[in-house]
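All chains, please: the whole structure from these sequences, using the hints.
In order, the protein sequence lines correspond to chains Z and F.
Counting with our numbering, you get residues -15 to 393 for the letters of the first sequence.
Counting with our numbering, you get residues -15 to 393 for the letters of the second sequence.
Think of the hints as simulated: they come from the structure by calculation, not from any bench.
Just so we're clear, the structure is a prediction, and the values are computed from it rather than from any experiment.
Hints are not guaranteed to be accurate.
The list makes no distinction among identical chains, and a pair is therefore deemed to hold if it is satisfied within one copy or across any two copies.
Taking lysine-lysine and the DSS-like style, the derived pairs with C-alpha atoms no more than 27 Å apart in a straight line are [to be verified]:
(1) 209 / 147
(2) -5 / 26
(3) 380 / -5
(4) 335 / 209
(5) 217 / 147
(6) 293 / 147
(7) 335 / -5
(8) 293 / 209
(9) 232 / 209
In case you want the letters, here they are:
There are 2 protein chains.
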Amino acid sequence: MSGENCLTGLKVLDLTQFEAGPSCTEALAWMGADVVKIENPKSGDPGRTTLGRPGSPDRDSNYFLQYNANKRSVAVNLKDPRGVELVKRMAKHADVMIENFAPGAVERLGLGPDVIRALNPSIIYCQVKGFGTGSPYEQSLAFDMIAQACGGLMSITGEEDGKPCKPGATIGDTGTGMLMAISILGAYVRRLRTGEGEHLQVAMQDSVMHYIRNAFTYMERTGGKAAPRAGDKTVGGGNPPIGVYPCKGGGPNDYVYIFTSRANPEHWTRLLKVMGREDLIGDARYATPDARTQRREEVDAIVTEWTRKLDKHEAMRLVSLATIPAGAVLDTAELAADRTFQDRGIRQTMKHPTAGDYVMSGWPVRFGGETPALAPAPLLGEHGAEVLGEWLKMDKAAVDALRTDAVIS
Amino acid sequence: MSGENCLTGLKVLDLTQFEAGPSCTEALAWMGADVVKIENPKSGDPGRTTLGRPGSPDRDSNYFLQYNANKRSVAVNLKDPRGVELVKRMAKHADVMIENFAPGAVERLGLGPDVIRALNPSIIYCQVKGFGTGSPYEQSLAFDMIAQACGGLMSITGEEDGKPCKPGATIGDTGTGMLMAISILGAYVRRLRTGEGEHLQVAMQDSVMHYIRNAFTYMERTGGKAAPRAGDKTVGGGNPPIGVYPCKGGGPNDYVYIFTSRANPEHWTRLLKVMGREDLIGDARYATPDARTQRREEVDAIVTEWTRKLDKHEAMRLVSLATIPAGAVLDTAELAADRTFQDRGIRQTMKHPTAGDYVMSGWPVRFGGETPALAPAPLLGEHGAEVLGEWLKMDKAAVDALRTDAVIS
Chain Z
-15 MSGENCLTGL
-5 KVLDLTQFEA
5 GPSCTEALAW
15 MGADVVKIEN
25 PKSGDPGRTT
35 LGRPGSPDRD
45 SNYFLQYNAN
55 KRSVAVNLKD
65 PRGVELVKRM
75 AKHADVMIEN
85 FAPGAVERLG
95 LGPDVIRALN
105 PSIIYCQVKG
115 FGTGSPYEQS
125 LAFDMIAQAC
135 GGLMSITGEE
145 DGKPCKPGAT
155 IGDTGTGMLM
165 AISILGAYVR
175 RLRTGEGEHL
185 QVAMQDSVMH
195 YIRNAFTYME
205 RTGGKAAPRA
215 GDKTVGGGNP
225 PIGVYPCKGG
235 GPNDYVYIFT
245 SRANPEHWTR
255 LLKVMGREDL
265 IGDARYATPD
275 ARTQRREEVD
285 AIVTEWTRKL
295 DKHEAMRLVS
305 LATIPAGAVL
315 DTAELAADRT
325 FQDRGIRQTM
335 KHPTAGDYVM
345 SGWPVRFGGE
355 TPALAPAPLL
365 GEHGAEVLGE
375 WLKMDKAAVD
385 ALRTDAVIS
Chain F
-15 MSGENCLTGL
-5 KVLDLTQFEA
5 GPSCTEALAW
15 MGADVVKIEN
25 PKSGDPGRTT
35 LGRPGSPDRD
45 SNYFLQYNAN
55 KRSVAVNLKD
65 PRGVELVKRM
75 AKHADVMIEN
85 FAPGAVERLG
95 LGPDVIRALN
105 PSIIYCQVKG
115 FGTGSPYEQS
125 LAFDMIAQAC
135 GGLMSITGEE
145 DGKPCKPGAT
155 IGDTGTGMLM
165 AISILGAYVR
175 RLRTGEGEHL
185 QVAMQDSVMH
195 YIRNAFTYME
205 RTGGKAAPRA
215 GDKTVGGGNP
225 PIGVYPCKGG
235 GPNDYVYIFT
245 SRANPEHWTR
255 LLKVMGREDL
265 IGDARYATPD
275 ARTQRREEVD
285 AIVTEWTRKL
295 DKHEAMRLVS
305 LATIPAGAVL
315 DTAELAADRT
325 FQDRGIRQTM
335 KHPTAGDYVM
345 SGWPVRFGGE
355 TPALAPAPLL
365 GEHGAEVLGE
375 WLKMDKAAVD
385 ALRTDAVIS
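In structure tokens, the structure reads:
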């Protein structure tokens, strides 16, 4: 960050849990927003125990740490009407309120958009659901994988003749969170100008569709046929050589991706030179994209003969040097071991009071050459007195009274 | 949109091409920013012909229409110094300038961050690259699939015993564009407050890592073992039943995803009731997540026996009704045919002067119940006179002179 933090002064009342909501508010927190998690005093955000480390049942999971950096936590008992009242008081002071409970739950709590927007007309009230209002599945629960199934993404992921696969990325969750974060900031810019509030809603199914728009163009080009799965290739298959080619080592991720573009005929010629196969330059069997598509297996065999002799990093280096797009298939262990991510601030160390030092991915965009600094995820209820003092000017005696009454913990 | 558009008045000078950059500026355009594409007069953004419709070589591709809605276009010859000068003049009036050329290209054009920020210190200057400054691959080209390979995503996508797969979503492109859009708006909020400019940079490889953070927690739980591919399951395998189960029809996408959560033991009992298998309730062979994991094949066979008799939509309906997360695997043709997406404004019709009516996915977030309205993608150079008049107060004679000199077209 070159100067003052971007979102200093933006108050976010955060009732979200797991990932779709927390990934959104974390993006705001990294840019300096004051994000206050409201959590149930018993166990907090269920993300605190999701994908936990075996043997550390009392410790917040790394999953939780990753999605809740730079936030604060107030533990409020929403089963007590005084807890609901407290959140309403906070909502009067918030710029943004956000929730991703199951359909209808926040309204049943008495904290739905109509109630809150009546109290604070200029608030930006945000809801993340699995399916959109008006969808036939409106009342259904969704987790990331359900959104990936119903949003079309699984239908286009996997081997051509295999079952639908679930991409390893959580597009249904974090993908949705990012679209909501953009919309919140858009609404906030208008609010700074006009004072106007907003009601934002996003559905995970609809969000997944935003990330697979290329597949729709494939369908349109082929007269409405559903876009198929294409293994390691782009939707529609692409123009060979394209895909992962096996490298020395033979491990599950010893592959290099090579992409020769239909739009750039030079890629093939350059690749032949890199591979020492100048003998094939101009060979009519492989000279055009269409010819190579017809002889896909032969083309792949020619490339594989060369890549098999090389380590994937070396293959990537040599192909890239010839300005042909290429990439080693890197796995999570390799990425975690590569110190250049820490040197560049892409991965940073969270210094957590109970979890100790935890290296994790931060916000990957650089501001003036630096990524935003990482602060610890909050302990459950860690900031009750602090936040209630700042937001509501509540003194210690008042906070203690709420604690005694088990309204907060 | 309930009132005035969110980003009215935000001027974006857009030198991006293909998808990572255009998906970012399109998000801003949907919320009302004035996004002006600077394109070369010969062929424009190469996205105009990417994945084109066969037989319509002179028509902008659907790929282009999808990523450039609601923008304007000025065709400027950047090989002519007067063209570069014109863009510099525009940069003085812009709030945001963004580019995603190959490494070093924008600097060679004389439009790099140092030049532009000296002319307009409060501009937010944005760069999208394949690899980050300081990365060993800093100078390498990247397309979406290269970023997915090098960002770890392909290593965790595909069948357990198969090759790495490429997810059908363009996380390397659109996924990156979304992170940049959030950062631009964050920097813009600060600029409105302090007048301060910013230099934003994001790398596609680093962005992909943002979407696979769960896989890193898997690695950490298993003592540093790379997260493996898990087919249709979540990274690490999850707790059966989990995954896609085949339904009636037997087509490539006739599957229903069923997810029973380890955290919610009721899911399994409820599913047994839905399937009419009350006989298995309490059966010790399947009573706990660990027991089911040990007998994964048997559990999957029990579920499959039931799902095979049902249409995927019916299976989804019945399982969802029992409040167990479930989702039919929907393909692009089914999603396109489902009118509820158009009724809800998630898919909208672009009325394009040469392409005609084109139904596409718009911005999926609702503002006050409505998604932002879709306006056509621009024809190449369509808005030259209009934009130069508005931004630079240039009169018709001045614009005509630039045209005569082939500085603009």
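We went through each hint and held it up to the structure:
no.: 1; hint: 209 / 147; verdict: both (18 Å within a copy, 26 Å between copies)
no.: 2; hint: -5 / 26; verdict: within (25 Å within a copy, 48 Å between copies)
no.: 3; hint: 380 / -5; verdict: within (22 Å within a copy, 48 Å between copies)
no.: 4; hint: 335 / 209; verdict: between (51 Å within a copy, 23 Å between copies)
no.: 5; hint: 217 / 147; verdict: both (16 Å within a copy, 12 Å between copies)
no.: 6; hint: 293 / 147; verdict: between (32 Å within a copy, 18 Å between copies)
no.: 7; hint: 335 / -5; verdict: within (24 Å within a copy, 40 Å between copies)
no.: 8; hint: 293 / 209; verdict: between (40 Å within a copy, 25 Å between copies)
no.: 9; hint: 232 / 209; verdict: between (38 Å within a copy, 20 Å between copies)
Of the numbered hints stated above, none is contradicted by the structure.
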